[in-house]
Each structure stands twice: as structure tokens, then as C-alpha cells.
Amino acid sequence: MLKRYAFILAVCLGLVIAPHTIFAQELNTLENGAKKEGKINLYGSMRDDEAKAVHDAFEKKYTGVKVYYFRSSEDKLVTKILTEAKAKTYNFDVLITTAGALLKSFGLPLKWTPPSASGIIPDLLDPDGTTTPVYINTNVIQYNTKLVAKTDVPKSYEDLTNPKWQGKLCLEDSDFEWFVGLQKYMGKEKALDLFKRIAANKPAMRNGHGLLSDLVASGECPIAINNYGNQVARAQKKGAPTDFVAINPVITIVAPGLISKNAPHPNAAKLYLNWFTSKEGQEFIVNNGGRIPVRVDVDPDPPRLTKGLKLQVAQRAEGKELKDIQALYRQIWQGR
Amino acid sequence: MREGGRAIKTKLQIDFLILGGVVVVVAYLALTPLAMLVFGSFQKGFMVGEGQWTLDNYIEAYSDPEFYSLFLNSLTYALGVSLFTFLIGTTLAWICERTNTPGRGFFAILAVATYIIPGVLLTISWILLLSPRIGLLNNLLTALFGLAAPPLTIYSYWGMIWAASVHLYPLNFLIMSAAFRSMDSSLEEAAWAAGASNFTCLRQITLKVLRPALLSTMLILFIRGIESFEVPALIGVPAGIFVFTTKIYEAASGFPPALGLAGANASILLLISVVGVFLYQKMTAQQESFTTITGKAFRPRVIDLGKWKFLLSAACILFFILTLLVPVLALLGTSLSRHMVALTPDALKNFSLEEYRFVLSYPIITRAFTNSLLLAVTSATIVMFLTSIIAWMTVRTKMPGRWLLDALTFIPIAIPGVIMGVSMIFVYLTLPIPIYGTIWILLVAYVTLYLPYGIRVASATMIQIHKELEEASTASGASWAQTFFRVVLPLLLPGFLSGWIYVAIISLRELSASIFLVGQGTEVLSTVVFALWDAGSISSVAALGVLMTLFLIVMALIVQMWQRRLGILRE
Numbered sequence: 001m002l003k004r005y006a007f008i009l010a011v012c013l014g015l016v017i018a019p020h021t022i023f024a025q026e027l028n029t030l031e032n033g034a035k036k037e038g039k040i041n042l043y044g045s046m047r048d049d050e051a052k053a054v055h056d057a058f059e060k061k062y063t064g065v066k067v068y069y070f071r072s073s074e075d076k077l078v079t080k081i082l083t084e085a086k087a088k089t090y091n092f093d094v095l096i097t098t099a100g101a102l103l104k105s106f107g108l109p110l111k112w113t114p115p116s117a118s119g120i121i122p123d124l125l126d127p128d129g130t131t132t133p134v135y136i137n138t139n140v141i142q143y144n145t146k147l148v149a150k151t152d153v154p155k156s157y158e159d160l161t162n163p164k165w166q167g168k169l170c171l172e173d174s175d176f177e178w179f180v181g182l183q184k185y186m187g188k189e190k191a192l193d194l195f196k197r198i199a200a201n202k203p204a205m206r207n208g209h210g211l212l213s214d215l216v217a218s219g220e221c222p223i224a225i226n227n228y229g230n231q232v233a234r235a236q237k238k239g240a241p242t243d244f245v246a247i248n249p250v251i252t253i254v255a256p257g258l259i260s261k262n263a264p265h266p267n268a269a270k271l272y273l274n275w276f277t278s279k280e281g282q283e284f285i286v287n288n289g290g291r292i293p294v295r296v297d298v299d300p301d302p303p304r305l306t307k308g309l310k311l312q313v314a315q316r317a318e319g320k321e322l323k324d325i326q327a328l329y330r331q332i333w334q335g336r
Numbered sequence: 337m338r339e340g341g342r343a344i345k346t347k348l349q350i351d352f353l354i355l356g357g358v359v360v361v362v363a364y365l366a367l368t369p370l371a372m373l374v375f376g377s378f379q380k381g382f383m384v385g386e387g388q389w390t391l392d393n394y395i396e397a398y399s400d401p402e403f404y405s406l407f408l409n410s411l412t413y414a415l416g417v418s419l420f421t422f423l424i425g426t427t428l429a430w431i432c433e434r435t436n437t438p439g440r441g442f443f444a445i446l447a448v449a450t451y452i453i454p455g456v457l458l459t460i461s462w463i464l465l466l467s468p469r470i471g472l473l474n475n476l477l478t479a480l481f482g483l484a485a486p487p488l489t490i491y492s493y494w495g496m497i498w499a500a501s502v503h504l505y506p507l508n509f510l511i512m513s514a515a516f517r518s519m520d521s522s523l524e525e526a527a528w529a530a531g532a533s534n535f536t537c538l539r540q541i542t543l544k545v546l547r548p549a550l551l552s553t554m555l556i557l558f559i560r561g562i563e564s565f566e567v568p569a570l571i572g573v574p575a576g577i578f579v580f581t582t583k584i585y586e587a588a589s590g591f592p593p594a595l596g597l598a599g600a601n602a603s604i605l606l607l608i609s610v611v612g613v614f615l616y617q618k619m620t621a622q623q624e625s626f627t628t629i630t631g632k633a634f635r636p637r638v639i640d641l642g643k644w645k646f647l648l649s650a651a652c653i654l655f656f657i658l659t660l661l662v663p664v665l666a667l668l669g670t671s672l673s674r675h676m677v678a679l680t681p682d683a684l685k686n687f688s689l690e691e692y693r694f695v696l697s698y699p700i701i702t703r704a705f706t707n708s709l710l711l712a713v714t715s716a717t718i719v720m721f722l723t724s725i726i727a728w729m730t731v732r733t734k735m736p737g738r739w740l741l742d743a744l745t746f747i748p749i750a751i752p753g754v755i756m757g758v759s760m761i762f763v764y765l766t767l768p769i770p771i772y773g774t775i776w777i778l779l780v781a782y783v784t785l786y787l788p789y790g791i792r793v794a795s796a797t798m799i800q801i802h803k804e805l806e807e808a809s810t811a812s813g814a815s816w817a818q819t820f821f822r823v824v825l826p827l828l829l830p831g832f833l834s835g836w837i838y839v840a841i842i843s844l845r846e847l848s849a850s851i852f853l854v855g856q857g858t859e860v861l862s863t864v865v866f867a868l869w870d871a872g873s874i875s876s877v878a879a880l881g882v883l884m885t886l887f888l889i890v891m892a893l894i895v896q897m898w899q900r901r902l903g904i905l906r907e
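Protein chains in written order, with the working numbering: chain Z, 1 to 336; chain W, 337 to 907.
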């Protein structure tokens with residue numbers, strides 16, 4: 001019996017240590033290459049003030065590699081990269097944004113999995129291994145704790161159809177995954193009917209989840225029909241009076257990180273993506289900006305962002321399908 | 337002898353090269369964006385897939401029922417802005433130029449100061465002031481009158497028109513001030529002599545004499561309204577009021593990028609502004625002939641308003657407190673809070689300088705600052721250099737086709753910034769000139785956009801300089817280049833400088849073209865402000881805004897002192 005345990009222990013240890021030495025070698029090569037390259041061009045959607053701290057941490061760990069950041073919202077970033085590719089200017093090394101996978105059909109990302117990906121929740125991994133999950137966004141209801149009384153806090157989307165919320169709701173103008181995810185779960189007809197009844201309360205439409213979160217926190221909009229859980233967590237860290245309600249199943253968006261096939265600084269790019277998905281990197285983004293981690297060994301803060309919830313990973317639509325979804329979304333929420 | 341002949345020949349060749357070169361550059365700048373925009377709008381799969389000729393973009397644009405609402409919205413908004421701007425600017429110009437209202441000199445400076453602040457910042461501060469629930473003004477009004485619901489909202493036509501007008505009126509103020517200054521007042525004198533009151537005289541005589549100026553100003557304001565981007569993007573989109581500029585932005589920056597569709601929508605906007613500019617030019621041409629006949633060598637009489645002058649003065653002070661001081665204070669208040677808050681006494685307790693620390697230590701912002709400054713200086717220099725040479729050709733020579741040259745330089749005034757942005761993408765994704773994604777593409781866009789402003793100043797100055805000094809130079813055997821750079825340009829200097837300053841200031845504020853063209857490392861201040869707002873970093877926007885406003889005001893003061901020392905007249 002003891003022998004068997006010893007054997008299993010040995011196998012486990014072997015599994016744990018052996019890859020580590022290989023990883024360590026690979027990392028070493030990457031680090032040396034990255035230092036020669038000296039910089040990394042990072043495109044992403046993380047807010048500047050949140051991102052700055054992340055870059056500082058990376059630069060501190062890998063001195064000699066400077067992060068050059070370009071921030072825009074997800075669609076605009078993908079469009080930007082496509083335009084640059086058309087102009088044959090290959091500038092970006094790493095892209096981190098929820099729309100990143102759209103670039104796959106244009107053959108622009110490099111197929112590469114960082115060593116640290118072994119610690120990522122398997123369900124979140126890209127089936128073809130091109131992109132690497134870096135954080136997740138959960139779709140939740142956000143509200144202002146000063147303006148919404150405890151007894152009034154919505155317990156379901158149905159509660160948002162109550163006329164007392166007339167003019168007090170807001171919504172981001174491109175939450176397509178959530179929009180489609182709920183339709184899949186409830187059935188299209190039922191979901192659209194629900195949306196229409198919520199839309200009767202005339203939600204204000206805004207662009208950007210960070211902006212939406214700030215609007216809720218400031219009291220401009222008492223309730224956001226949908227926002228990202230990490231945005232709420234981040235606002236809470238800054239002391240803003242806001243909280244969230246997660247309704248099962250929670251539509252979850254996996255934000256992929258990817259490396260450009262034509263990256264001018266390929267080693268630095270790999271080093272960055274590996275660090276970002278490592279235990280250290282994930283813990284940093286949790287503490288720094290309330291991001292929801294993708295690793296099995298890192299918990300979100302507060303843990304109830306994911307603990308005990310049924311997460312339903314959303315699929316991203318493309319091409320004609322996306323166009324139709326966009327049109328329907330506009331028609332229902334903006335009446336245009 | 338033969339030696340001398342060869343020297344003259346090479347001199348002539350250099351002259352020809354310079355002049356010809358300038359013509360080619362200007363023609364290239366003015367025509368390629370338009371040509372490529374038209375080309376792109378007839379292309380399918382310009383970005384995605386194989387390119388082929390098609391009418392699909394036009395069919396999609398014009399068959400969309402939204403197209404007609406865009407048309408209506410654009411028209412309503414532009415009309416509202418032009419009327420309201422006109423009202424504010426003309427009243428203020430009349431007060432400052434024609435009455436003895438105390439403090440009028442100071443009011444004129446404040447009006448110009450308003451113009452210097454970037455539109456994207458003022459728009460944001462109006463959002464902070466007039467948001468339904470947390471807007472400072474709304475909260476004040478609700479508290480003062482015990483209202484149940486906030487009385488005002490920025491997210492409406494009225495909000496858009498207000499925010500745009502209180503930023504655009506200085507343009508109208510400057511034009512109308514000049515008109516009031518140079519008008520012939522003999523008819524007014526006659527009316528007063530006949531016993532008319534001040535008001536009757538204003539209504540019956542002054543406004544009628546100025547009618548051509550009034551109409552053409554309205555037209556230019558209308559064009560500026562229809563081209564404007566900041567207010568429609570920041571206020572119109574959340575309010576569900578879409579206009580052409582925001583639709584073009586949406587089409588070109590969404591995924592997949594529908595540049596062809598953006599081009600098709602741009603063509604109608606372009607048509608509107610071309611017609612507008614054409615009408616404007618026709619009107620001002622008539623107006624000039626009108627004023628030269630009646631121009632007299634005295635200043636129009638200043639009207640004594642009696643007791644009313646104090647009331648008017650108070651009204652002006654109130655106006656500037658509301659439109660300049662309060663917005664800047666709102667930015668200041670927000671910049672000191674960690675996140676967007678209702679500016680109540682409670683919020684004061686949590687004030688901190690954290691956002692300033694972030695803004696000043698963030699590399700993107702310092703980089704954008706350098707880029708903006710660099711672009712302002714170089715684009716102003718290039719614009720004034722090119723237009724001075726063009727002005728020399730159109731004013732001094734009897735060259736055939738010089739009117740065409742003048743027209744070429746003026747074409748870009750009809751190109752709205754968003755269209756310039758989209759066209760630049762078309763041009764530099766098609767031509768084998770690899771400047772997309774670099775700072776050069778921004779420079780090309782700025783130079784093109786501001787050629788018309790440069791040419792106006794340059795020709796006006798050129799007309800004032802007498803030919804004899806040039807002739808003396810040429811007679812002494814100087815080449816054209818020598819004459820131009822050593823005689824003409826120094827004489828032009830005062831005009832050159834004031835044109836330079838104007839172009840530099842408007843370059844610093846440019847947003848609508850830049851937003852399509854900036855890339856990593858080439859961000860400019862206005863796009864950084866827009867991006868920070870987009871991401872919801874509102875306190876950072878406010879902190880950056882306060883710093884930018886301070887910087888621009890200090891710059892303006894330095895320029896003013898410097899101009900006074902050089903004795904340059906106000907334009």
C-alpha cells in the first residue's frame with residue numbers, strides 16, 4: 001500500500017518538476033530574447049489607470065522590457081489591427097481584448113500556448129490553442145447601493161420590467177454575448193419579449209463598460225441592466241457605492257490574449273502573455289483591478305464573483321450572424 | 337556672358353522647381369483624399385476580402401430608413417447650432433464693438449479664451465454639469481426650487497445645441513466684430529438724426545446694412561454645425577440622436593470595418609458642405625465689393641446705453657460665469673474626486689490629487705502631449721509656407737489658371753474632419769506610401785485640413801504689401817527664390833505669424849480626423865481625452881482637461897504679450 005502511494009507521489013512529483021525544468025529553460029530563452037528586444041507593443045481594452053499598474057509590475061519583474069500600450073474598445077482594436085495589416089504595418093505584439101478571436105479568420109494570430117496555460121481552467125481554453133484566456137467577464141446587474149434600497153434590489157431580469165425603474169436604467173450598446181446568451185437559455189421569443197418589456201423603461205444607452213460602471217457608481221444611472229462583474233469589483237475597490245446581482249446562468253465572456261504572427265518583438269510578447277496568465281500575474285490583476293482570473297489556483301475578489309455560480313461561456317458571433325444580432329440589438333434597445 | 341546666361345538659367349530652373357513643386361503638393365493634398373473617397377465608396381470588400389466595383393454601399397446607405405433620420409437629425413442639429421451660435425456671437429459682438437458697456441474689452445478676450453479650450457473638454461464638462469441626476473446645475477436647480485425631478489438634461493437636442501453653441505460662438509463673434517468695426521455708419525447717423533431710438537436704428541438700419549455679412553456667417557456656422565463631431569459623439573450617441581458624422585465614425589470603426597459604407601455616407605455630407613461653401617464664397621464675394629464702395633475712414637459711433645450699460649455688463653459677466661467659469665470648475669471638481677461623483681459638499685471630503693499624479697506619470701499622456709505640440713508646430717509652419725507661395729502666385733502674377741490654384745487650396749474647407757480621416761485611410765491603404773500608423777499621416781491630414789485657413793490669411797496680407805520692393809529686388813538681379821525668401825517673406829511676417837498661431841491652435845484641438853489616424857505611439861491629446869472618456873476614466877479626463885486648459889491659457893497669454901510687443905494687429 002505504502003509502495004503504491006510512494007509510486008503515485010513519485011509520478012506526481014515527476015509530472016510537477018519535469019515540465020518545470022523545461023518551462024524554466026523556455027522562459028529563460030524568452031527572457032533573454034525579450035531583453036534584447038527591449039519593448040513590447042501591447043494593444044488592449046483595459047482602462048489606462050488599471051493597465052498602468054499592470055505594466056509597472058511587469059516592467060519591474062523583467063527590467064529592460066518596456067510596455068507600450070494602446071488602448072481602445074474591443075471592436076475598434078480589431079478594426080485597427082485589420083487596417084494596419086492591410087497597410088502592411090505590423091506593429092502590435094500582443095492583443096488582449098474580448099473581440100480578439102475575430103482575428104483568427106484573417107490568419108493574423110500566432111498559434112502559441114504559454115507554459116503557464118497548464119494552470120488555466122480547462123473549460124476556458126481555446127479548443128484550437130491559438131489564443132490563451134487571460135481573464136473573464138461575467139455579465140451581471142449592477143446597481144447603486146445608495147439609490148436602490150435593499151428591498152428594491154432586483155432579484156431577476158423580470159424585476160427590471162417594473163415601471164418604477166422608468167428612466168433609471170442604462171445599458172451598454174454592444175452587449176451582444178449577453179443578449180444572445182439569454183436568448184439561448186430562455187428561448188428566443190421569451191427572451192425578446194422580456195427585453196422589450198425592460199426596454200419600455202427607456203434605458204439610457206452608453207458605450208463602454210467602464211463608463212457604465214462609473215455612471216452607476218456616481219448615481220447618474222441607478223441600475224445597469226448588464227455590466228461586467230469585474231468592473232463592479234473594481235469600482236468597489238475605489239470605494240464607490242455599488243454592488244451587483246448575478247443571475248444564473250451567468251453569461252461569461254472569455255477574454256483571449258493572442259500574439260501577432262508578425263510580431264516585431266515576439267519574445268517579449270510571449271514573455272508577457274506567459275506572465276499575465278501565471279499565478280503571479282493573475283493574482284496581480286485580481287488585487288489591482290478586480291479582474292476575474294482564469295486559473296484554478298487563483299480566486300476572484302470577492303469570491304462570490306464566480307463562486308457558486310453557473311457560468312455559461314458565451315460564443316462570439318461573426319460575419320453575417322453578428323450583423324443580424326447587432327441590428328436586432330439596436331432595434332430592441334434603441335428603437336433604430 | 338555665357339557664364340551669366342547659364343546662371344540665370346539655373347536660377348530660373350530653381351524658381352520653376354519651387355513654384356511647380358508647391359502646385360503639385362497642394363493639388364496632391366487637396367485632390368487625393370476626395371478621389372480616393374469616391375473610389376473607396378464604389379468598392380466592395382475594401383477591407384475584408386477581394387476588392388471589386390459595386391454600388392452596394394450606396395444602395396445600403398440610401399435604402400436604410402435610418403439614412404433619412406440621419407439627414408433630418410443632422411439638419412435639425414446644424415440649424416439649431418447655427419441659429420443659437422449666431423444669436424450669442426452677434427449680440428456679444430455688438431455689445432463689445434458698438435456700445436459703451438463697461439468691461440467690453442475683457443469680454444472680447446474671454447470669448448476668444450473659450451475658443452481655445454478644446455471642444456471635447458467643454459463637451460465633457462457640460463455632461464458633468466447637465467447630466468440628469470448628478471449634474472451640478474440640475475442638482476442646484478432641484479434644490480433651489482424644490483423640484484421632484486431634474487429639470488434639464490444634456491441628452492437631448494437642446495443639450496447638444498447648447499453644448500455646441502457655447503463653444504462655437506467665438507467664431508461668429510470674431511467675424512461679426514470685424515463686420516461691426518468696418519461697417520459704414522452714415523445711414524445709422526441719418527436715422528439717429530431723424531429721431532430713431534437705439535433699438536429702432538439697430539433693427540431698421542444696422543442689421544439691414546449688415547445683412548450680407550449676417551447671411552454668410554449663418555451659412556459658415558451651419559457648415560460647422562453639420563461637420564461637428566465632438567458633441568454628436570459624446571452627447572448625441574447616448575441620447576440616441578445620430579447624425580452623419582457619428583454614423584460615419586460608427587461604420588468605419590465597428591467590426592468588420594465598413595469603410596465603403598462610411599464613404600457612401602460621407603459623400604452626401606461632403607455634397608452638403610461643398611454646396612454650402614460654394615454659396616458662402618459667392619455671398620462673401622458680393623459682400624466685399626459692397627463694402628469697398630462704401631468703406632469710409634472713420635470708426636462707427638459707439639452707442640451710449642445710459643443706465644442700461646450696467647445691466648448689459650452684468651448680463652455678460654453672468655454669461656461668462658455660466659459658459660466658461662462653471663464648466664472649468666466642474667472639470668476641476670471632478671479631477672479631484674477618485675471617480676465620477678455628484679459634486680455635493682459631501683464629495684469635497686474625498687478630494688485628492690491622485691488623478692493628477694496618474695496623468696503626469698502616465699507615458700501615453702506625456703507622449704500625446706509631445707505629439708500634439710510637434711504636430712501643431714510643423715503643420716502650422718508647412719501650411720503657412722505653402723500658402724504664402726500660393727498667395728504670391730495668385731495675387732502677384734498673371735499666371736493662367738491661378739484661380740484654379742486658389743480654388744484647390746480652398747477645397748479642403750468643405751471636407752469635414754471625419755471624412756478627412758476616412759479618406760486618409762483609403763489613400764494610404766491604396767497608394768504605396770507607407771505612412772499609415774505613423775505620425776506623418778496625421779501631419780498630412782492636418783496640413784490638408786488647414787490649407788484654407790492659411791491661404792485666407794496669406795492672401796489678405798499679400799494684397800497689403802506693395803510690389804515695388806519686390807521689383808527692386810528682381811531688378812537688382814535676384815532670383816525669384818531670393819526675392820521671395822529675403823524680401824516678401826519678411827514683409828509677410830506679421831500676417832504669417834498670426835496665421836501660424838491660428839493654425840497651431842486649431843491643430844492642438846483636432847479630434848475628428850485624428851481619431852481614425854492615431855495609432856500606438858502617435859496618440860494626440862484630444863484622442864487621449866476621448867479614449868479616456870470612452871473607457872470611463874472620467875476623473876483622469878478631468879485632470880488632464882484642467883492641465884490642458886491651464887497650458888493653453890498660458891500659451892495664449894504669452895502669444896498675446898508677444899504680439900503686442902511685435903505690434904501685430906489683431907486679425
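Because the hints were derived from the structure by calculation, they are not lab data.
For clarity, every value in this text was computed on a predicted model and none was experimentally measured.
Any given hint could be a false lead.
Pairwise CB distance ranges (calculated) [unchecked claim]: (1) Arg330(Z) to Gly642(W): 55 to 61 Å; (2) Asp152(Z) to Gly441(W): 53 to 59 Å; (3) Gly387(W) to Pro122(Z): 38 to 44 Å; (4) Gly319(Z) to Leu543(W): 55 to 61 Å; (5) Ile332(Z) to Ile445(W): 48 to 54 Å; (6) Asn262(Z) to Gly813(W): 35 to 41 Å; (7) Leu476(W) to Pro303(Z): 19 to 25 Å; (8) Pro768(W) to Ala53(Z): 51 to 57 Å; (9) Thr145(Z) to Leu543(W): 39 to 45 Å; (10) Gly387(W) to Ala53(Z): 22 to 28 Å; (11) Arg336(Z) to Leu893(W): 22 to 28 Å; (12) Leu476(W) to Arg336(Z): 56 to 62 Å.
These stretches of chain Z come out as covered by chain W in the derived footprint (C-beta under 8 Å, 3 or more residues) [to be verified]: (13) 67-73; (14) 201-210; (15) 240-247.
Below are the DSBU-like pairs computed for lysine-lysine, each with C-alpha atoms no more than 35 Å apart in a straight line [as the list claims (entries may be wrong)]: (16) Lys188(Z) to Lys685(W); (17) Lys190(Z) to Lys323(Z); (18) Lys164(Z) to Lys685(W).
Cβ atoms here follow ideal geometry from the backbone N, Cα and C, with glycine treated the same way.
Each hint tested on the structure:
no.: 1; hint: Arg330(Z) to Gly642(W): 55 to 61 Å; in the structure: holds, 58 Å
no.: 2; hint: Asp152(Z) to Gly441(W): 53 to 59 Å; in the structure: holds, 56 Å
no.: 3; hint: Gly387(W) to Pro122(Z): 38 to 44 Å; in the structure: holds, 42 Å
no.: 4; hint: Gly319(Z) to Leu543(W): 55 to 61 Å; in the structure: holds, 58 Å
no.: 5; hint: Ile332(Z) to Ile445(W): 48 to 54 Å; in the structure: holds, 51 Å
no.: 6; hint: Asn262(Z) to Gly813(W): 35 to 41 Å; in the structure: violated, 58 Å
no.: 7; hint: Leu476(W) to Pro303(Z): 19 to 25 Å; in the structure: violated, 42 Å
no.: 8; hint: Pro768(W) to Ala53(Z): 51 to 57 Å; in the structure: violated, 42 Å
no.: 9; hint: Thr145(Z) to Leu543(W): 39 to 45 Å; in the structure: violated, 57 Å
no.: 10; hint: Gly387(W) to Ala53(Z): 22 to 28 Å; in the structure: violated, 44 Å
no.: 11; hint: Arg336(Z) to Leu893(W): 22 to 28 Å; in the structure: violated, 46 Å
no.: 12; hint: Leu476(W) to Arg336(Z): 56 to 62 Å; in the structure: violated, 34 Å
no.: 13; hint: 67-73; in the structure: holds (count 6)
no.: 14; hint: 201-210; in the structure: holds (count 7)
no.: 15; hint: 240-247; in the structure: violated (count 1)
no.: 16; hint: Lys188(Z) to Lys685(W); in the structure: violated, 49 Å
no.: 17; hint: Lys190(Z) to Lys323(Z); in the structure: holds, 22 Å
no.: 18; hint: Lys164(Z) to Lys685(W); in the structure: holds, 32 Å
Hint compliance for this structure: hints 6, 7, 8, 9, 10, 11, 12, 15, 16 are broken, all remaining hints hold.
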